[in-house]
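Asker: Sequence:
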Amino acid sequence: GFWYMLYRQLLYPNSNNGPKQVYGTLLPFINQRPLCANFSKEPKDWVLQQSVPLGGDSSCAICMQHAIHFSLIASGMKPNDAAWSAVRIRQAFVTSIKEALDT
Numbered sequence: 055g056f057w058y059m060l061y062r063q064l065l066y067p068n069s070n071n072g073p074k075q076v077y078g079t080l081l082p083f084i085n086q087r088p089l090c091a092n093f094s095k096e097p098k099d100w101v102l103q104q105s106v107p108l109g110g111d112s113s114c115a116i117c118m119q120h121a122i123h124f125s126l127i128a129s130g131m132k133p134n135d136a137a138w139s140a141v142r143i144r145q146a147f148v149t150s151i152k153e154a155l156d157t
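Per this note's numbering, the sequence shown runs over residues 55 to 157.
Simulated from the structure, these hints should not be mistaken for lab results. Quick reminder that beta carbons are idealized off the backbone N, C-alpha and C, glycines included. Don't take each hint at face value.
Across the chosen pairs, the derived CB separations fall in these ranges [as the list claims (entries may be wrong)]:
#: 1; residue 1: 71; residue 2: 132; range: 39 to 49 Å
#: 2; residue 1: 153; residue 2: 74; range: 45 to 55 Å
#: 3; residue 1: 103; residue 2: 58; range: 14 to 24 Å
#: 4; residue 1: 74; residue 2: 152; range: 43 to 53 Å
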């Protein structure tokens with residue numbers, strides 16, 4: 055039932071299946087608290103302001119890189135250590151490309 059309710063707005067687009075249903079009903083039901091009661095308990099460096107890419111992000115690669123970086127910080131990693139995730143991601147891309155070209 056949970057996944058149906060969550061993805062219902064994608065499967066059956068309708069004004070009744072919008073974000074109000076997810077954020078006003080479904081998410082508060084999960085932890086038995088109003089959604090606003092979950093705010094103001096974030097770690098100090100929780101918000102990371104990022105600029106919008108000038109060339110766009112049609113592949114969503116930049117978005118994913120920021121999401122990984124943010125997730126590492128949210129899980130307790132120091133921001134300076136999490137910044138290395140971008141280097142590791144690029145290293146993995148280069149390794150994948152090299153392996154694909156070798157075959």
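Asker: List, from low to high, the hint numbers that the structure doesn't satisfy.
Answerer: 3
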